[in-house]
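Protein chains: 4
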Amino acid sequence: MQVTETVEITGHLMDTGLLSRVLDDIRGYGGDYTLDKFDLGYDKDDPSTVRMTVGAEDEESLQRLLMRIQTKGANLVHPGEPEISDVSQDGVFPDGFYSTTNLPTSVRLNGHWVSVQQPEMDCGLLVEGETVRTIPMSEVKVGMKIITSAQGVRVTPPLVETIEDAFGFMDSEVSSEKPQRVLVKQVADGMREAKANGQKVLWVGGPGIVHTGAAPAMVAIIEAGFVDILFAGNALATHDIESSLYGTSLGVDLARGRGVEHGHEHHIRAINTIRKAGSIADAVKQGVLTSGVMHSLVQNGKSFVLVGSVRDDGPLPDVYTDVLEGQRAMRAELEGVGYCLMAATMLHSVATGNILPASIPLTCVDINPATVTKLADRGSSQARGIVTDVGLFVEHLARELSPTYAGAN
Amino acid sequence: MQVTETVEITGHLMDTGLLSRVLDDIRGYGGDYTLDKFDLGYDKDDPSTVRMTVGAEDEESLQRLLMRIQTKGANLVHPGEPEISDVSQDGVFPDGFYSTTNLPTSVRLNGHWVSVQQPEMDCGLLVEGETVRTIPMSEVKVGMKIITSAQGVRVTPPLVETIEDAFGFMDSEVSSEKPQRVLVKQVADGMREAKANGQKVLWVGGPGIVHTGAAPAMVAIIEAGFVDILFAGNALATHDIESSLYGTSLGVDLARGRGVEHGHEHHIRAINTIRKAGSIADAVKQGVLTSGVMHSLVQNGKSFVLVGSVRDDGPLPDVYTDVLEGQRAMRAELEGVGYCLMAATMLHSVATGNILPASIPLTCVDINPATVTKLADRGSSQARGIVTDVGLFVEHLARELSPTYAGAN
Amino acid sequence: MQVTETVEITGHLMDTGLLSRVLDDIRGYGGDYTLDKFDLGYDKDDPSTVRMTVGAEDEESLQRLLMRIQTKGANLVHPGEPEISDVSQDGVFPDGFYSTTNLPTSVRLNGHWVSVQQPEMDCGLLVEGETVRTIPMSEVKVGMKIITSAQGVRVTPPLVETIEDAFGFMDSEVSSEKPQRVLVKQVADGMREAKANGQKVLWVGGPGIVHTGAAPAMVAIIEAGFVDILFAGNALATHDIESSLYGTSLGVDLARGRGVEHGHEHHIRAINTIRKAGSIADAVKQGVLTSGVMHSLVQNGKSFVLVGSVRDDGPLPDVYTDVLEGQRAMRAELEGVGYCLMAATMLHSVATGNILPASIPLTCVDINPATVTKLADRGSSQARGIVTDVGLFVEHLARELSPTYAGAN
Amino acid sequence: MQVTETVEITGHLMDTGLLSRVLDDIRGYGGDYTLDKFDLGYDKDDPSTVRMTVGAEDEESLQRLLMRIQTKGANLVHPGEPEISDVSQDGVFPDGFYSTTNLPTSVRLNGHWVSVQQPEMDCGLLVEGETVRTIPMSEVKVGMKIITSAQGVRVTPPLVETIEDAFGFMDSEVSSEKPQRVLVKQVADGMREAKANGQKVLWVGGPGIVHTGAAPAMVAIIEAGFVDILFAGNALATHDIESSLYGTSLGVDLARGRGVEHGHEHHIRAINTIRKAGSIADAVKQGVLTSGVMHSLVQNGKSFVLVGSVRDDGPLPDVYTDVLEGQRAMRAELEGVGYCLMAATMLHSVATGNILPASIPLTCVDINPATVTKLADRGSSQARGIVTDVGLFVEHLARELSPTYAGAN
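Chains as they are written, first to last, in our numbering: chain Z, 1 to 409; chain W, 410 to 818; chain V, 819 to 1227; chain U, 1228 to 1636.
Since the hints were made in silico from the structure, they are not lab data. Hints are not guaranteed to be accurate.
[Claimed, not checked] Derived DEER-like restraints, expressed as beta-carbon distance ranges: (1) U:Gly1474 to W:Ser768: 31 to 39 Å; (2) W:Phe447 to U:Gly1505: 45 to 53 Å; (3) V:Arg1010 to Z:Asp86: 33 to 41 Å.
Note that the structure is a prediction, hence the values are computed from the model and not measured. All C-beta atoms, glycine included, are put in the ideal place defined by N, C-alpha and C.
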């Protein structure tokens, strides 16, 4: 090995397999290592620390390897200053760009550590004077300064609080065989804690919320103050509005609990009605839209970001049809978010998982285990998954959070 | 075509595709047909009637064909008297035996129609003097008299009440996108109606009832009088008892809503404890078992039939290890059942579906759509399927059925 | 009932439940009906015809009702001429617009039937001189002429060829328990027939094609001439290109069949590389991209349309980030398509199902039954669903279609 | 803490989270620990060793705790001699019985370590003179000698070969997004290796093997010598025989790849036919059964054990209707098994997992991820899971293993 660096990693190295994965990465990238020091935590809640020397065949390989293991929290003992390169083509990062995680990250500029603003996955690190922020690939412009080294960058993975927590998710949280009432209560507590801290609660929802008859319960939760922002697509809003205008939702007669085909074209007429009004808020103002989740968000002054997809009809006038604009609008709402609940949507859940800092607690509720698993696989490892019926779950949650909600039985 | 017979069928022939399937069967068995008469119901709730002449190449083919279409309600216009053959080998039906459905069936003996007792699928028809009853293959003995013709047998499919009902199940009932509160209420109404009619409510359950934390809710429902019989396996009872003795259920710490591995061996110690006591009822009497679903069934004088499977540990002393004996014990409990709820078990649900007359309303609740679909595929077409979380479903059901149940939040 | 019209419907009315659903719609919309004539087909392959008088409370209700049942093929006996209204607001249809199906449709203009070009679901009907074509809501401009009546419009549902076909899909095609080799052969035959007719084969694919190791098999099929167009998202193309550049695909080491975490950030570097080259085709020309599905499409002069979604990283420079532009690009490729295979993507499958005329045979392959079911639920009733492993399916398909492909074992 | 013992554990303690789980168990059982020594393996393939002192409040709690952690390989440094108690009630273990794992286990008798015969989960340890073997609870008789201590028992977990292997299963093997051809090859290699070592290959199969059209491929594999024993239920054998006698399998017309309802009752006639013959082997001898999986097993002198379940019709005369007898028959076949493939059955897979020593490599193939996950959850941690279509998988496997098999296209 021609070139080496010394790195250190602290955390529940044994329990969570973290060290093993770092060592595995080193070999996977063709590198080698020597363990220099190993401090074992005695108590199961104590972290351990390992220092090791990592080597690779050449400087470029070493940089790539260091970037890689840094995403797991293995930082340089002597970080040095970062290498910074100019962008020479709009929308293209310089070669060897540092690819970010959603973990808390710092950059060493002029001998000081500067916190990276808005940690987000798969971005570059943009240096602007004394500040550093993440920037998506599509946003970079010629002349911007981007970090192209592992040197000078430090990542701090959140300490998993206890060993049980570390294993909770991987082993068995993604399971439908859990005492569901307890899980409902935990989600309610998470939302209450965020509000008590003056933070916002973000919901990410799919049309299943309407199809399972949970819209009235969600309205109660909005009114109780536990929905500050909603991220969704055209479908949730359309079915909610269709349900309000016609009492149906894509062929489901909500009042009778039975599938009837009527109303299949209602959704396209509902969209036309809102487009005629100008926007969802306009339709509320004009008295066209008088109930439902979207109505309640407007009435209570809450935010929503609707981003379109290739399968949309219409869409509603509020929908971002350009997905990059949609992502920008979502990012703009993340400031101050303290809890995130994802319900019944894989597309918008993964999209939100991509841009959400790892430090924000997030729970994903879906009847399909694959949705939760995919979310976890893509890096949102702070996700807690609950496999359950979204309709009954939101119903229970409303009874927890809304003092006056008694259900619609 | 050498031999022919005239049959008639009445029902919602158009709506439900019933006629089409009968005609399809005729061709599939190499037969032919002429439509003789077609009375169309004007109103969508009116049945239609078709009379047709069916032909086949020889007598044996015709009999097989007639038996086949009779399972769909196409009966002979001139039924004649049945052919009856003696059993010549224990456990083996005579060739050409009439294979039963779970529909109401009559046999013409000495010029009178005699109702078949206990309609059940895939059995033979045993003639004993003036009575006829179904008999499973494994129960026949040398010398018994078994019907071996379609002649003399009449099947009466239940009139599907409305067209919507007919389509409800096939098209979309097996869906997780349904307003779940409404479905809970429908199940509660079905149970109340059965009890109001002096009939019994049968539950068929899997261990998911315990794993999802629904046991306290089920206990409330037992105490409210809406569980008369439970069909289950070794697993439900063991996990319920383990949960009562140790507070755990196969590695799930119920109180904390988190998977912990402790207690994996608790289930085998729980079984040993009950075996030592003699039986579940003895354990209750001795004060060893003091809470849970099985305890509540014993305390309230309700019945249960536990049938084993090849994957059982132990098993509990109450478990039938011979599956044929288990089936017999289940059959013995069916008298007077007016409603059946199946929750979180494919094995016992299909087993019960096999022996349950089609006239008994049944609802199957499972988080896995495949379970409900399989049940329907195997002939229990009166099944209503609800894809939802069993834990939250039973919790809601308890709030509907038990005046004092307030949940365990 | 104040206003009435006489309609006629022809088809396998009994077998497929079609008549029942029409009658159900009439009631669902508050209308009434009298059956005037019923011609029953004798043979199971013969269609039946029903004529009936339909009534509603007022003219507007009647129009809505007639539009509704027309989508099932119940056309006016005396069609008259359509009502045509001017668009008065960009992107908004006139009130009472006729909402289209994807079935063959004609409009009566000046006493002649004119075929509607490009039948597509949930559009309006735009009259331009002597021609009529579908137009999506977002494309209409002030002054355009849109049909706003059921009068003057005729829909021709494809005759389901045999009763078995009609039931095949609903009952059991969406099942994993099918002889899979036979299904592979049927898909291969469908593609061969389209090519023999001088038509194009459209593939709609998700990243699962790459993850399951099926890319080499798909390349063989492209080279054998059975992929003319690919509709996909950023993910399939990115993972294919990542696999070509780095031998990995989102953490899956394809050569060893084992999940390793390496290469998670490779996908973002792969995108950057293609953005730097300018486009996928440029990357092929520059010798940067030398293998894989996208490379093979470029080399063989085949088309692809990549449409973005809110969860995309990058994206690749070829990806439409505006979903409406993406839909337009997809529509532009549909001319001459004679067979469509959808594999491993719900999003793009539903999007394609929305714009594909019902007359084009389509097969949807996915390991998740829900994908196929959703596709069918949304109106693409000509869909044939196969629940199987996409990797092994495409592998088998390559052996069927490519004379030289021998697998990569 | 009043009583203590010193234990030692060796293995990939860090990587696999093993140590963490042991420590977690200690707390979960109310115990405490001091780490005495920690030898870290330098290389990622080197095992580590930890020695610690474990304490509990009283002797009984300590024994339970020691038994618990021993199942993970934490053995006493000074094992001493075991406590042995007499059985005082048939079918009931003495209090405090040692509950076994399926790992290699030894017992110290008279100063020597004796290997436990046939390691199996959830059994007791029966001492007979100088030998020790596992015994299921239902088999113990009054007077037998059963071990009732952790003292004197030692468990040796198999060293996970590499870290990647350890993580392979937990993280991502249970995924449908894998290069499937590679996985087929790995299974084929496992079977070839077992045969090369003079060992037997055990198949555990469900009816999906027949429904997916894989029976001809399985027959080719039997003939190529890679099926020595088949564990299954009544369903696989019945559908295989029905398919041979009538060309159908529970309503699936195998030749045409389309669901038809014909033949639904064929399965009950097929069973009657075999009962009449006496047994499956008799039916083969009499020329009644001339093809299919069961025929091929009989013709090639291979073993099968069919165990019944509560949902069986018939059953076939070869089926064990008593599940405990069935378990005994399965155990009797395990001698010499060197590879196990489980395909398309949860019930029989879990049953086999319960009795199979952990040292035998096993692969579970199912289209339903839950089946594989359940298997792993229940302790068969050596299981490798492949989520794929069983039909195409067995087809591929036949092409790998059978020189002459060319498929049935």
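Within 45 to 53 Å: is that where the Cβ-Cβ distance between W:Phe447 and U:Gly1505 falls?
49 Å, holds
Using the Cβ atoms, figure out if U:Gly1474 sits within 31 to 39 Å of W:Ser768.
Holds: the Cβ-Cβ distance is about 34 Å, inside 31 to 39 Å.
Supplied distance hint 33 to 41 Å, evaluated on CB atoms of V:Arg1010 and Z:Asp86
Since the Cβ atoms of V:Arg1010 and Z:Asp86 sit about 54 Å apart, the hinted range of 33 to 41 Å is violated.
Comparing the model with each numbered hint stated earlier shows that hint 3 is the single one that does not hold.
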